[in-house]
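S.K.: Sequence:
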Amino acid sequence: MKKLHLILICLLVSSLLKAVPLIELMRKVNLEVDFQDDIPASWKDIEVYPENFNAAIQIHLLHVEEVLRSRQYDYMNTEQKSHRLQLLDVLHAYALEEKFPQNVHYRFQTPVFIDDFGTHCAVGYLMKRSGSADLAWQISQVNNLAYVREITVPGVAEWAQQWGFTVNELAWIQPGYPPNTTLTALAGGIQGTVYSITEHDGYLMAAGYFDSAGTTPASNVAMYISGFAGWLWTEVGGGINGIVFKLINFEGDLIAAGEFTQAGSTPVNNIARYRNGTWEAMGTNVNGEVHDMLIFNNELYAFGLFQVGGTSGTSFNAAKWNGTSWVAAEFSPASGSLVLTAAADDQGIWIGGNFSSVSGVSCRNLAYWNGQTVEDRSTGIYGDIYDIEVVNNEVYSASSIRALGHTQGVMRYSNNEWSPITGVQEILQSDSLGSFKKLANYNNKLVAAGNLNVYANMLFGKGVAIWDTPDSYPEPLTVICDDLQEYVEEVYIGSSIYLGGSFNDNFNSELRGIAQLDGIVQDISKQNSPVKVFTAYPNPAEGSVTLSNYGNATYVEVLDLQGKLLMTHLIESGDVIKLPKTGNLILQTDTGSTFRILNK
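Start counting the sequence shown at 1; every next residue gets the next number (our numbering).
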């Protein structure tokens, strides 16, 4: 009977929690698993059901322990072997207790050696229990957020050897901890998909495809307000009877666009205006779906899959509001084309989607109207374009990571062509099916979102990434979209940072379609090392790098991510290093500072 009860409990848990392949969970906690050559083949087939990330860390530690126990080291002496078994028992008990550090300062998954509450990470706890608490404390003071291989405090390798471990094994034991308060659910969230978020008259507005918000019936558009019992969702003007792709503020009113025929009690044609608490028709001649809108030179434009009739004839998929009706825009994508996105710079309008020509100019899914004529600026584009954003006068596009055999993802327009920005190729290697759906400008930094895995060594995120510069590697912002069918469709940066989409949870913590991101990522590289100025450029490199700000260092070691020493360069022989292999490398000076670099 007890066995039957256990089976029923397991079935119940399995039905409530999402199945995660064990190997994928191990990667989420620590990507070091990919560098182990004795991983059981069964890990690809085993499914686990972690109820939260602490449970995921526990699973990680117990399976690392299992593999470490199976390893044989003939070169170890009796004392080392005894110490090793002793600490593996400690690791087992530590995992079962499930009391792990909290990441309360960063919006992405990162190592935390000892947290603000004195809780030790797994490696720190092993040091503490072995009688080396002082070493763990020193590491927390100098390298609290560092990977094991980046720790500059002396004595780690010696401690590992004494207690029967290798530095590589410690690096695998060490988990990365997710942010403690990354995302805030908003009063039960949205029961559907959110495609657009904005603020209007001081209220947060969300629109998409849904029939309720929180506990309130709301048809495809909802308002987040402060009530007597706290924040709550309310319907807006009786709602809209179809999908809403875009909300935009224009002339003091809220404009909704999508594919619908009624707003409140008013018949409309895919675009409606919310004024004084009531929906109004805004023109009646846009006879198809509207996917995006923008304001350029104080004029409102609409884009999608429609036609607009007028005295000058019919135009397609791009229209302009003249104050009383919609008229043809200055450019016209071919009939049957789909314009998904548009963005404006100082001179003109970029449009993207799925089309082959604009105003008779051949192009592939992307074009530019310069204020006078249409230009083909689609060189390097292969797949559909979901979004376009201008950051620091540079133009970026979002698309599937792989399209027609080419790497795309987040692309930058430079020298008259598009090419993937730094880090997209690495994202492709870990997530070939992912897509970027939305771009945003945060303090002149590029934010990109969709459904994708973002790895930065042990920093792991999913769904949202940020680039400090186009040539820097992306840092993950959070962990969202646990399911392949879930996407972040919207990033709105206003009084706060809000994400919208089809997601339902954050590692089984309920969010439902919309969430608030409290703050933004800090530059972790400025937190980890006691010598913060050491750099090498260019990064990414192409065969060699020039050292900079290395202080009193006399040599630099080049290591791979497994900690293997590849070469030693004496600085007195020159500041330029010819790198020994491609891929991600670690540069480490004899004075203790480290720098990560990619050699293409």
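Heads up, some of the hints might be wrong.
[What the hints assert, rightly or not] Below, in silico cross-link-like pairs of lysine to aspartate or glutamate (DMTMM-like), each with a Cα-Cα straight-line distance of 20 angstroms or less:
{"id": "1", "residue 1": "K99", "residue 2": "E65"}
{"id": "2", "residue 1": "K81", "residue 2": "E199"}
{"id": "3", "residue 1": "K320", "residue 2": "E394"}
{"id": "4", "residue 1": "K128", "residue 2": "D115"}
{"id": "5", "residue 1": "K320", "residue 2": "D346"}
{"id": "6", "residue 1": "K44", "residue 2": "E79"}
{"id": "7", "residue 1": "K44", "residue 2": "E65"}
{"id": "8", "residue 1": "K578", "residue 2": "E542"}
{"id": "9", "residue 1": "K320", "residue 2": "D345"}
{"id": "10", "residue 1": "K581", "residue 2": "D34"}
{"id": "11", "residue 1": "K320", "residue 2": "E289"}
{"id": "12", "residue 1": "K581", "residue 2": "E557"}
{"id": "13", "residue 1": "K81", "residue 2": "E97"}
By construction, these hints were calculated from the structure, which means they are not laboratory data.
S.K.: With reference to the structure, classify each hint as holding or not holding.
M.R.: Hint by hint, here is what the structure shows:
Under the criterion of a C-alpha separation no larger than 20 angstroms, the hint pairing K99 with E65 is consistent with the structure, at around 17 angstroms. Distance hint between K81 and E199 is unfulfilled; the C-alpha atoms sit about 62 angstroms from each other, more than 20 angstroms. Between K320 and E394, the direct Cα distance comes to roughly 25 angstroms. Violation of the 20 angstroms bound is thereby established for this hinted pair. For a cut-off of 20 angstroms, the pair hint linking K128 to D115 stands: about 14 angstroms separates their Cα positions.
Between the alpha carbons of K320 and D346 the distance comes to roughly 18 angstroms, so the proposed pair stays at or under 20 angstroms and holds. About 36 angstroms separates the Cα atoms of K44 and E79, which puts this hinted pair outside 20 angstroms; it is violated. Taking the CA atoms of K44 and E65, the gap is about 18 angstroms. The hint holds against a cut of 20 angstroms. Under the criterion of a C-alpha separation no larger than 20 angstroms, the hint pairing K578 with E542 is consistent with the structure, at around 9 angstroms.
For a cut-off of 20 angstroms, the pair hint linking K320 to D345 stands: about 17 angstroms separates their Cα positions. For the proposed pair K581 and D34, the alpha carbon gap of about 19 angstroms is at most 20 angstroms, so the pair holds. Proposed proximity of K320 and E289 is supported: the alpha carbons are some 15 angstroms apart, at most 20 angstroms. Under the criterion of a C-alpha separation no larger than 20 angstroms, the hint pairing K581 with E557 is consistent with the structure, at around 13 angstroms.
As the CA atoms of K81 and E97 are separated by approximately 25 angstroms, the hinted pair breaks the 20 angstroms bound.
Checked against the numbered hints given earlier, this structure breaks hints 2, 3, 6 and 13; the rest are met.
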